[in-house]
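Chains A and B, in that order, give the protein sequences.
FYI, in this note's numbering the residues of the first sequence are -19 to 382.
FYI, in this note's numbering the residues of the second sequence are 184 to 484.
In short, the hints are calculated from the structure, not lab data.
We put the CB at the ideal spot given by N, CA and C, even for glycine.
Misleading hints may appear alongside valid ones.
Stated by the list, open to error - Have a look at the derived ranges for each label pair, beta carbon to beta carbon:
(1) B:A341 / A:V8: 48 to 58 Å
(2) A:E220 / B:G379: 20 to 30 Å
(3) A:P36 / B:L476: 18 to 28 Å
(4) B:D321 / A:G55: 48 to 58 Å
(5) A:A187 / B:G416: 55 to 65 Å
(6) A:Y49 / B:E481: 29 to 39 Å
(7) B:T185 / A:N382: 38 to 48 Å
(8) A:I104 / B:E374: 36 to 46 Å
(9) A:A187 / B:T185: 37 to 47 Å
Here is how the chains run, residue by residue.
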Amino acid sequence: VIARRERRDFGLSKSLTEYAAALREWSVEACRPYAREADSRHAPPSDWPKILDTAPVEFPRWDRPGQHYPDFEEGHWVRELVFEESLCYGDPWPQWVLSPGIGHLVVDAMGTDEQVERWYTPVIGGGSQTAFGLTEPHFGSDTSLVATTATRDGDHWVLNGTKMYCSLGAIAAYAVVFATTDKPAGPSAIAAFVIPAGTDGFIVAKANESKLGIRSAQTAELRFENCIIPLDHRLGWTSEGEPADKPGKSGRGGAFAALSNNRPNISAIAVGIAQASVDVAAEVLAERQPEFTPERWSVVQAEITRMDDALDRARRLNYRAQSAADRGTSNRSLPAMAKAYAPETCERVIRRCMQLLGPEGASEEFLLEKWHRDVKILDIFEGTGQIQRLIVARGLMGAAVN
Amino acid sequence: MTAAENLAYGDPGLALTGLWSESFAAVASHHATPDQRRRWLPASVAPLATVALYEGFGRSPREYRTFIRVSPDGSVQVSGRKVAVPLAGAAESILVVGTDVETSRLRAVVLGADTPGLRVQADTGNTALGAAALARVDIDVDVTGEHLLGGIDTDRTALERSVNRLRLLVAAAEIGTSQRAIDYGAKYATERIAFGRPIAGFQGVSFRLAEAQIRVDAARLEMLDAADLLDRGGADKADAAVTKAVNYAGEVAMQSTRDAVQVLGGHGFVTDHPVELWFRCAVALAVLDTDPLCSSFEAAL
Chain A
-19 VIARRERRDF GLSKSLTEYA AALREWSVEA CRPYAREADS RHAPPSDWPK
31 ILDTAPVEFP RWDRPGQHYP DFEEGHWVRE LVFEESLCYG DPWPQWVLSP
81 GIGHLVVDAM GTDEQVERWY TPVIGGGSQT AFGLTEPHFG SDTSLVATTA
131 TRDGDHWVLN GTKMYCSLGA IAAYAVVFAT TDKPAGPSAI AAFVIPAGTD
181 GFIVAKANES KLGIRSAQTA ELRFENCIIP LDHRLGWTSE GEPADKPGKS
231 GRGGAFAALS NNRPNISAIA VGIAQASVDV AAEVLAERQP EFTPERWSVV
281 QAEITRMDDA LDRARRLNYR AQSAADRGTS NRSLPAMAKA YAPETCERVI
331 RRCMQLLGPE GASEEFLLEK WHRDVKILDI FEGTGQIQRL IVARGLMGAA
381 VN
Chain B
184 MTAAENLAYG DPGLALTGLW SESFAAVASH HATPDQRRRW LPASVAPLAT
234 VALYEGFGRS PREYRTFIRV SPDGSVQVSG RKVAVPLAGA AESILVVGTD
284 VETSRLRAVV LGADTPGLRV QADTGNTALG AAALARVDID VDVTGEHLLG
334 GIDTDRTALE RSVNRLRLLV AAAEIGTSQR AIDYGAKYAT ERIAFGRPIA
384 GFQGVSFRLA EAQIRVDAAR LEMLDAADLL DRGGADKADA AVTKAVNYAG
434 EVAMQSTRDA VQVLGGHGFV TDHPVELWFR CAVALAVLDT DPLCSSFEAA
484 L
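Just chain A, with the same shape it has in the complex (with noise of 0.2 Å):
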């Protein structure tokens, strides 16, 4: 047996704790084992629902409108760290199925009072999901490169051009679809497009892109060709055409904003699947050590030991993270701090573990390959490692940072 430092609790509340605890047994016993079905399919167990329902604590689910968490002491950024990485150390399929989308999240910052009742309201309430389009081809992190244009005609909106990686694009009820509305103008002339699925010119190319990893995760490749939406579903905007006074509760930037305070939520999907790695391998190397010699298997040790001590400290700084957004404190430094540090470095873990196990360590026979092949994404998606770099050089060095 290889002896494993004590989990830390972090200053949790002990409900909020024995509510992780639960939760990581049932996602190993319940989730684990569709793992493969998951990835090969590309698409989540068919009877997903079902497996979710076997959970023994009560989680928020679109599908399932009225289940909510539990009341903890913890605010809400926490306890979502804490229900992320819990969920995921099992394996991170549940997380996307479970993910009613970020489309009404959008409208809800950017809306006017009658989008976010028409939109954001419903969805809130359970029963559907939401997609979000922003990426193309020829961007991701410079967002001001939008290329897909809205074109007004009268009291109608046409779209035209191509989003990649939108989050449930060729299922949800409707996609939130940034656009430009006068491309020489700039970012300032880049909306948000309510299209509801079905609308004429609403064309999924790829309902599933063929990833590297979360394969099950449904993310699409949307076209959009002399798309015709009313005047009234540019967030911001009424039929009549754009407000006089200022729509919206916090406008495009609150958009991001909420994207910056979930980036800490990312790193704990990173530190769930590589906590994962190291404990499954802890285990079937245990089961191996007099393969070892007492050197080598000093060093596997002690290899255990460093790659539980970094997660940690990937923890310490999501937590960090998410107390402070939970009382109001946080900036654009903290979020991006903890999402540099956790993926690349769980990146590293697994591989680690991987190479721990030798030749047979990147065969299907474990599911580490896959979470190897799953996590490369946590540091792309919602700011590479780089943007996140850039974030905090900037915080250190405000202007002079380009």
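Fit chain B to the known structure of chain A by using the hints.
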């Protein structure tokens, strides 16, 4: 090694599968007795055969625990487990490298796939290298002395050299894979525009690729140096040099292919571009011959 590197530059999985499928003939022709050569290496198309090398647990060939015992009556007993044996499921003959219990030096036997006590556990699938159909082979057999490669008095030093050459092929493949990934990432970085310029103009991107190239060059020099030691016959030194070169090449390949995926961003994560394949190949190759004493876990930050 240069050939292996450049074949892997095209496709690491196919390159190694091709080289591995030739490895039986390469090793057997070098060490077999004339009689064995006639039996195992017919002049016409040779039957599919493979070499069983790896055991895991960081073992170098001198530590292999597949044991070969030559009994006084001339019969040969072989026992042990080999893993990641390429093409084992389809091979008609398997060349098994192990440790002679008498001398503690390397020995090899050639076993027919239908030898009683030889069990090939079919490929369970792998993150890459699908064409190589890697399999586990459990061996507990008793065969005649005719199966001893090169006979009882074969040149063990020469056999060690052949085995280490095979191991070093993986380093060459890792380096070829890395170089291809860097070249692909570098080209992409000069073409992809963000924030008003090609992303190669950002040090966060260009330094990653530059560092990857520096590492690859260091790994290539080390690999060639180990190959040189092998050619010059310094068996003791060569063994350790090969282990280090293979392990470093593995580390370098895993990092440079991940950096290439990173440079391509979302495009690196979809199968439209080949970098995700190289990312998988690099780790599949690296695990084959990892010695925990040669490298260590390093957090990214």
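Now the hints, each set against the structure:
no.: 1; hint: B:A341 / A:V8: 48 to 58 Å; verdict: 51 Å, holds
no.: 2; hint: A:E220 / B:G379: 20 to 30 Å; verdict: 37 Å, violated
no.: 3; hint: A:P36 / B:L476: 18 to 28 Å; verdict: 43 Å, violated
no.: 4; hint: B:D321 / A:G55: 48 to 58 Å; verdict: 55 Å, holds
no.: 5; hint: A:A187 / B:G416: 55 to 65 Å; verdict: 60 Å, holds
no.: 6; hint: A:Y49 / B:E481: 29 to 39 Å; verdict: 37 Å, holds
no.: 7; hint: B:T185 / A:N382: 38 to 48 Å; verdict: 43 Å, holds
no.: 8; hint: A:I104 / B:E374: 36 to 46 Å; verdict: 42 Å, holds
no.: 9; hint: A:A187 / B:T185: 37 to 47 Å; verdict: 45 Å, holds
Consistency note: the structure conflicts with the earlier hints numbered 2 and 3.
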